[in-house]
Each structure stands twice: as C-alpha cells, then as structure tokens.
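Engineer: Chain by chain, the residues:
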Amino acid sequence: EVQLKESGPGLVQPSQTLSLTCTVSGFSLTDYSVHWVRQPPGKGLEWMGVMWSGGSTAYNSALKSRLSISRDTSKSQVFLKMNSLQTEDTAIYYCTRRTYWGQGTLVTVSS
Amino acid sequence: DVVLTQTPVAQPVTLGDQASISCRSSQSLVHSNGNTYLEWYLQKPGQSPQLLIYKVSNRFSGVPDRFIGSGSGSDFTLKISRVEPEDLGVYYCFQATHDPYTFGAGTKLELK
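Keeping their order, the protein sequence lines are chains A and B. Sequential numbering from 1 applies to the first sequence in the numbering used here. Sequential numbering from 1001 applies to the second sequence in the numbering used here.
Here chain A stands alone, though its shape is the one from the complex (with noise of 0.2 angstroms):
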C-alpha cells in the first residue's frame, strides 16, 4: 500500500529553518517523484518543489532561494528546508506522489 507522511516540528520561530521529513512505503523514491505542496490555512494550494526519481530537483520560483530538497534512498525519505522562515509562511505542507497524498503537516510561524 502506498503512503506518504509528514513529520516536523509544528512551530517554527521567524527567521529560522523549517526542516521537514517525507517518509514514504510501498515505493521507491527511485522509481518515483515526489512533490511539496503547501497551503495557506483558508487558502489555495502551492507547489513548492519536487525530487525526480533521478535525483535531480526543481522549485518553485518564489521559493527557490530560501528551498531545498533532498533525499535519503536507503530509509524512503524526502527533507524539505526552508529558511528565513516568516509569519506568512505558516501553512499545511503536504508530500505527495500527485496520485497519493500525505496527511499534511501544519506548520506555523510565530515566536
């Protein structure tokens, strides 16, 4: 069966990094690409960024100085970093293989 979660810290203080963990079953992120996508509460969705199969990743436009992605193949797992973290940046994050989705994590900003 394919799953997808989320796990990280669910506050964050300004100015800091978010670090989030995606830890997926019944796939290989060798096989498979795997998005973040993040939602505002009472907003619209964003798509933040994607690991490929391959390896390689691609982000967001707005994001893409503060984003990183990264994987660890052997422990089925997909890190999301963001820094310089602001109020605005509180939201639902979610992974998802696009045809699976995780649960989401909610993550805010505040001191």
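Think of the hints as simulated: they come from the structure by calculation, not from any bench. It is possible that part of the hints are untrue.
What the hints assert, rightly or not - As a list, the in silico SDA-like pairs of lysine to any residue whose alpha-carbon atoms are at most 20 angstroms apart:
1. Lys1055(B) to Thr99(A)
2. Lys43(A) to Leu1051(B)
3. Lys43(A) to Leu1109(B)
4. Lys1055(B) to Arg98(A)
5. Lys64(A) to Thr1097(B)
6. Lys1079(B) to His1098(B)
7. Lys1044(B) to Asp1065(B)
8. Lys1079(B) to Asp1065(B)
9. Lys1112(B) to Pro1012(B)
10. Lys43(A) to Pro1045(B)
11. Lys43(A) to Gln1050(B)
12. Lys43(A) to Thr1005(B)
13. Lys5(A) to Gln86(A)
14. Lys1108(B) to Gly44(A)
15. Lys1044(B) to Thr105(A)
16. Lys43(A) to Glu1110(B)
17. Lys43(A) to Leu1004(B)
18. Lys1055(B) to His1098(B)
Based on the hints, put chain B in the right spot on chain A.
Structural biologist: Relative to the frame of chain A, chain B by itself:
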C-alpha cells in the same frame, strides 16, 4: 511562470445538477513530447487533495465517470454531471508541463 486562471471562484449547485469549471493557462500546456499535463484535484473539507483527472481527460483509478475533463492547448474544462454530496469541496487545476509547476486558485463547489 505559467498562470492558471480558474472560473468561477465559487459554483453554487443543486444536487443532481451539472457543474462546469474552467481553467485557462497563460501559455499552451502541450509538452514537447506531445502530451498535455493538465490535472484536476478535489479537496474536500479537512482532507488532503485527491487526484481526479490527469493528462486533460483521463480519470484516475476509482473516479466516477460523472467527472469529465476536456480541452486542449490553454483552455480546459472539468464537468461534473449529476452532482452528489461527496463532490462538494474545492477543485484545483494543476499544470505539470512547464517548470515550475503551478496550481490554479481553486473553485469552490457548494450547495445553493
């Protein structure tokens, strides 16, 4: 970046009616390989989005045939015939032709 414009922002419906949502792209979504990577997602309240349609008109596994995607180039439509209660929520179009990928702003399907 590609901008996807969805209309309407909200679509009030009566159960059993047909609903139609438009998604227009700021540029053609035909990939150099000939495919058009336009997808539709539904997000029900309190849930993660779920894929309904991929490559313009292909229903994902388990999606009822009352969901019909159509269009070409930069103009796409999702039609839902005979709206049922479980169809209510926010619909998003998404393009995966041009990097960076982008979502439309969403259309809320709600009861009249």
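Engineer: Hints first: check each against the structure and report whether it holds.
Structural biologist: Status of the hints after comparison with the structure:
1. Lys1055(B) to Thr99(A): Judged against 20 angstroms, a Cα distance of about 13 angstroms means the pair holds.
2. Lys43(A) to Leu1051(B): holds (19 angstroms)
3. Lys43(A) to Leu1109(B): Holds, at roughly 15 angstroms.
4. Lys1055(B) to Arg98(A): holds (12 angstroms)
5. Lys64(A) to Thr1097(B): Answer holds: Lys64(A) to Thr1097(B) is near 19 angstroms, not above 20 angstroms.
6. Lys1079(B) to His1098(B): With Cα atoms ~24 angstroms apart, Lys1079(B) and His1098(B) exceed 20 angstroms; violated.
7. Lys1044(B) to Asp1065(B): At roughly 19 angstroms apart (the allowed maximum being 20 angstroms), Asp1065(B) and Lys1044(B) satisfy the hint.
8. Lys1079(B) to Asp1065(B): holds (10 angstroms)
9. Lys1112(B) to Pro1012(B): holds (5 angstroms)
10. Lys43(A) to Pro1045(B): Given that 20 angstroms is the threshold and the Cα spacing comes to 12 angstroms, the pair holds.
11. Lys43(A) to Gln1050(B): With a Cα-Cα distance of about 17 angstroms, the restraint between Lys43(A) and Gln1050(B) holds, given a limit of 20 angstroms.
12. Lys43(A) to Thr1005(B): holds (15 angstroms)
13. Lys5(A) to Gln86(A): violated (24 angstroms)
14. Lys1108(B) to Gly44(A): The hint holds at about 11 angstroms.
15. Lys1044(B) to Thr105(A): OK: Lys1044(B) and Thr105(A) at ~17 angstroms, within 20 angstroms.
16. Lys43(A) to Glu1110(B): The given pair, whose Cα atoms are some 16 angstroms apart, holds under the 20 angstroms limit.
17. Lys43(A) to Leu1004(B): At roughly 16 angstroms apart (the allowed maximum being 20 angstroms), Leu1004(B) and Lys43(A) satisfy the hint.
18. Lys1055(B) to His1098(B): Holds - the C-alpha atoms of His1098(B) and Lys1055(B) are around 13 angstroms apart, at most 20 angstroms.
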